[in-house]
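Q: Residue numbers (this note's numbering), protein chains in the order written: chain A, 1 to 367; chain B, 1 to 457.
All the pointers check out, no bait thrown in.
Pair by pair, the computed Cβ-Cβ distance ranges are:
no. : chain 1 : residue 1 : chain 2 : residue 2 : range
1   : B       : Q380      : A       : A131      : 50 to 60 Å
2   : B       : Q191      : A       : G109      : 55 to 65 Å
3   : A       : N202      : B       : S200      : 34 to 44 Å
4   : A       : A169      : B       : L365      : 15 to 25 Å
5   : B       : V135      : A       : L53       : 46 to 56 Å
Covered stretches of chain A, going by a simulated chain B footprint (3 or more residues, C-beta under 8 Å):
no. : region
6   : 156-163
7   : 182-188
8   : 301-311
9   : 335-346
10  : 349-360
With the C-beta cut set under 10 Å, the calculated list includes, among others, these residues of chain B facing chain A:
no. : residue
11  : L168
12  : A169
13  : R414
14  : V416
15  : V417
16  : L425
17  : M426
No wet-lab data here; the hints were simulated from the structure.
Ideal Cβ positions, reconstructed from N, Cα and C, are used throughout, including at glycine.
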Amino acid sequence: MAVRDASEGLLSSVRRLRLLPVVLLLLGLLSIVDLGRRLATGELPVSTFATFLWDGVVFGMAVGLAGIGLAMTYSILQFANFAHGDYITAGAFTGWLAAFVVAGIGSFGLDALVLVSDTVPTGELGINVLATPVAILVGLVVASVTTAGLALALDRVVFRPMRGARGVALLIASVGVALALRHALIILFTGSTRSLTTDVPNQEVAVGQGGISIGAHEVTLVVIAALLMLGTHLLLRRTKLGTAMRAMADNRNLALVTGIPTEQVIRTTWLAGGALTGVAGFLIALEGGSMDPTFGWDLLLLVFSAVILGGIGSVYGAIVGGIVIGITSRLSQIWLPSELVLVGAFGVLVFMLLVRPQGLLGGVKTV
Amino acid sequence: MTPAPLERLLTALRTRLDAVRGLVGNRRVTDGGTVRSRASDLQVVAGLVLGLYVLFLVLSWFGGFQDAEALTSRLQSVTLLALVYVMLALALNLQWGYAGLLNLGVAGFAAVGVYTMALLSLPAEGLGLGLPLPVGMLGGFLAATLLGALAALPAIRLRADYLAIVTLAFSEIIRLLIRSRPATEFTIAGQTLGTGGTSSLDLPSNPVKRLLYQNPDQGAFIAVENPTVIGDPLFTAGEAVGFGPSLVERVVYTVILLFVALLFYWLLVRVGNSPFGRVLKAIREDELVASSLGKDTRRFKIIAFAVGCGLIALTGMLWQMRAGGSTAPATFEPELTFFVFVALILGGSGSNTGSVVGGIVFVALLLEAPSFIQRIVDTQFGVPSPPDTLFDALTGVDPFLGYMFADDNISALRFVVLGIVLVYLMQNRPEGLFGGRTEEASTVDLSERPDSTEAES
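Looking at chain A on its own, in the form it has when it is part of the complex (with noise of 0.2 Å):
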């Protein structure tokens, strides 16, 4: 009996946290609240703010160029690819071969080029987006190129036999693959941390007392990363192809009725998202000037919180939840140990979850 109403107790608990939305509204208040007396203040110089901004936009974007092809799989396979996290570092690491083999070649070792290895110094190497834009720009396709190809082999080894299976089987598979994977790259890369850009010229913007210096590595990510988002929104509003892919997102069953070719649309899924993701690896890569093997499995639950945020299965809620994981994650330092700035994010991801799991965007699957 005690069991029971304590259960009870449970149950009518789960009644109450409708309360939550109402608390989690005041602490956002409070903290905009908070925000204006440090700026005005003084407590907080409005240079170190608009950093703080300027980094969530950049670290934003590219979570949301990342969360892109999470969205896409999620809406058109209804299932969470926990690979994705990995399939981001595969794209970083070929993307950079090529650039390094681009840059390198002639002066270096083809064996250190390969492995993208910190025994070429990247000073002599002097990668960056202004010196050696050819390197980067080949980069760049091979990222894509290669990620595409990954996640369509994969595709066809991995989840393909496994087509009619549930949401959870296809979940644990992927864990699978997100396992073999990475140790797979660590074995081919060695696990070591690189570094791969040399310092490239900022541009100093003033702001306020001080200012922000905005590099040309971030500006890259920012318009490549914008640029690609409106090529999404155009192959999903303006081409056949998107059309089908948005109705099968919708109901496959009245998809496969109308005579889409589901099998198709979803090989080009996997293309397109893949193909994103790489880029966003490499641009990830890029920006922060340095990788290891498990760097994309790092980000993989902060990509989870943007496309969940969004509205799981959106692509459009992938790129708004991107921006806003990205925005309050640095601007959380303001208040929080920059240690804890994760443990914020993924806070932000289970409350959503908890609260509002259709999304920012109210759970309108637009693919």
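Fit chain B to the supplied structure of chain A, relying on the hints for placement.
A: Frame of chain A, contents of chain B only:
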């Protein structure tokens, strides 16, 4: 005439062979007459354990461990880890196998248990409150149970993959909090507490020491001079076969853990067969039907999830407290969760015997065997210096094999194999080695006709 025990062992082996053939040939194991009874499950597990022990003795022998102490020590560490995974898989089976709740936060809930226990039971002049160990363990169990209920409470309304993401995020939040600077050492009401941050944290001295030594807090060399009534004959016996006191300690701990694992198994079989467990299985089969029959399915799921989390925490504590135990946040990375999942799915989720077999097979063949084999390659063939990179290994004179058997790469290779095994199982045998015998929700086997049971008896 074949003697009866041998015949039984042969039957057991044949069953295993059938299971393996079923795995390879992608078809279900056909249950021959006696296969279903519990006695034969026991035989299978016993046969399996025996076979694996022989395998590991051979592997250790060729790996250069040829005296009794070294051999026993190697077998002991494998056994302990296998028991831990068996217990974790059993607890996860309650959540995933019975109730169908995908918990990707195993590592986090284990961490909650271990660190709560440490906070409660570490000496008061250190980082803890100085409470007795049983209180600490109870505290760890309750903390994980409560947290599990809290995580499941709202998430249970959501789809299975949402629960997976929530629990994974939960587990990462816990790990990041434990290793964060504010949690490393803090003071509440004049009492210094802490998690030790990223570095390892020494846990309270394990209860086995109290069983064996009169003064367990003294250094091992002094303490062994004053053994208890139980400790004395054990140390003498150990000395007779050449075992040092620390090995005796570890063997005793492993034996105790074996009994705890048996208790776990018994408990979970009881739970599975109880009305509570039957409702859980019914929910897994068809939640709508279960709730139509008037069962408050949400309540059942929350309780199963919370209890599972508590059992995971308990296992975590017993694991981390193994002789001279210390713990670190790095132990509780999400990999641990995936390991337990591979173990459970390998054995067959939904079956307690499957969990046991899965835990044993996983630890023996996937987790531990690679490093044993690596050692053999090292000692027998003596790869002088493995090439640094795969490029050197493939193009240079250095052997490719040497590269693959370097320390870092063998562990990475193990993960690759694990991933492939997981994908293979999900594709071809999602019910696992033992999944064919998923326990029915009803008390009697509905597929079995009365006349056939008569014919058997």
